Amino acid sequence: MHEISVARSLADFVCDQIAELDAKRERVSVVRVRIGAMSGVAPQALRSAYSAAVIGTALQGAGLEVETVDLVIWCPKCRQERLLEDISHLCCPVCKSRAGRIIQGKELEIASIEVVDATQNSSSPTANSQEKR
Amino acid sequence: MPPRILQVRQQILKKNDEQARSLRQRFADAGVFVVSLVSSPGAGKTTLLRETLRALGQTHRVAALVGDLATENDARRLAESGAPVRQIVTGTICHLEAEMIESALIGWDLDSIDLLFIENVGNLVCPASYDLGEAMRIVLFSTTEGEDKPLKYPTIFNTADVAIITKSDLAEVVGFDRQAAYESIQNVRPGMRIMELSSRSGEGMQAWIHFMQSGIERTRQMENRGTFNVG
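Chains as they are written, first to last, in our numbering: chain G, 1 to 133; chain R, 1001 to 1231.
This is chain G alone, in the form it adopts within the complex (with noise of 0.2 Å):
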């Protein structure tokens, strides 16, 4: 579970950013991240980190939204990029030869952070976790 340590340091270093907004005036609604299928962090452990990891900050109750980024090998044999449905075997699914070359996929990153008016009271429609790819 060292998602934990990974929505801490998510949840600190979009506090930074936000620092010196006025939170009277605006508030996060959505951070927006991009995990890769081979980061090694999983989504959904995420996003349970995140809600805990939020609590008592200026994120709270901002939501968290997590782009997938699937894997893509570069295959030499077909000079072709090929995507991955599975990441424990770098073989390229047309000639089925090896190849480690990683041209996405490992991605563990902060997109953006969407930031509203503080003083409207609704919450908006993209305020809770999900996924999309």
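It is worth saying that the hints were derived from the structure and are not from the lab. Here the structure is a predicted model, which means the values were calculated and not measured. Virtual Cβ for every residue (Gly too), placed ideally from N, Cα, C. Where hints are given, some of them may not hold.
[Claimed, not checked] Covered stretches of chain R, as calculated for chain G (at least 3 residues, CB under 8 Å): (1) 1037 to 1049; (2) 1145 to 1159; (3) 1180 to 1192.
[To be verified] Each pair of labels, with its calculated beta carbon distance range: (4) G:S51 x R:R1004: 20 to 30 Å; (5) G:I55 x R:N1224: 50 to 60 Å; (6) G:S48 x R:M1001: 26 to 36 Å; (7) G:M1 x R:A1207: 28 to 38 Å; (8) R:D1029 x G:E81: 36 to 46 Å; (9) R:H1210 x G:S48: 44 to 54 Å; (10) R:D1029 x G:R101: 29 to 39 Å.
With the hints as your guide, set chain R onto chain G.
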């Protein structure tokens, strides 16, 4: 007022990455070859480390940091070799982070160390995402664990530079399928270097010790070149 989007594009573990980068620079400046060991609990990290400290301690200055959730037992065991050893007790944290390495090194003169081992907490999941500033990450798994272990934990195997199959003396007894194990490793990390050894019988230990010696040598040459460039 419409929502405002702050584009960030930033590593979540940026702080750890930065600390690891600065550690890597310190290690390079001091000419220390730093090797981290990861494995599941019981794969034989500590025993391999003990034998390695014993064998290399004659000719080189070797030190170790060992991470565990609790107890100082491993550090005590390893200190019997006479090498400087420090325990990092992580409490509830299931992996080591660069910051822990930084604090554990306080008071150590890196210039007087040739090879530093960092033994991570026994865990094949959590240590994967955390850069510790090491020059080489080695993943261990034992012949008693099953040949498909790499397939079950692809991320940690993929982030490692070298795989070591330990307890080779037990291979026959447990019916270890060597070819299947090699296949599994190559599937998750094509081209990965694989070594096989037994800390108990000594099988494969000589090749391993040579491998570590060449790493020390290479690091030293790089340090000299660095000094030459600056001076």
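Each hint, compared with the structure:
Closer than 8 Å: that is the beta-carbon criterion, and the segment 1037 to 1049 of chain R has 0 residues meeting it against chain G, so the requirement of 3 is violated. For the segment 1145 to 1159 of chain R, the stated coverage by chain G is satisfied: 8 residues place a CB nearer than 8 Å to a CB of that chain, which reaches the threshold of 3. Note: the segment 1180 to 1192 of chain R has 6 residues with beta-carbon separation from chain G under 8 Å; the three-residue rule is met and the coverage holds. For S51 of chain G paired with R1004 of chain R, a C-beta distance near 23 Å keeps the hint of 20 to 30 Å intact.
Separated by about 52 Å at the C-beta atoms, I55 of chain G and N1224 of chain R satisfy the suggested range of 50 to 60 Å. For the pair S48 of chain G and M1001 of chain R, the supplied restraint of 26 to 36 Å holds, since their beta-carbon distance comes to about 32 Å. For M1 of chain G paired with A1207 of chain R, a C-beta distance near 37 Å keeps the hint of 28 to 38 Å intact. With their beta carbons about 38 Å apart, D1029 of chain R and E81 of chain G fall inside the hinted range of 36 to 46 Å.
A hinted range of 44 to 54 Å holds for the C-beta pair H1210 of chain R and S48 of chain G, which are about 46 Å apart. Separation of D1029 of chain R from R101 of chain G is about 31 Å and conforms to the stated range, judged on CB atoms against 29 to 39 Å.
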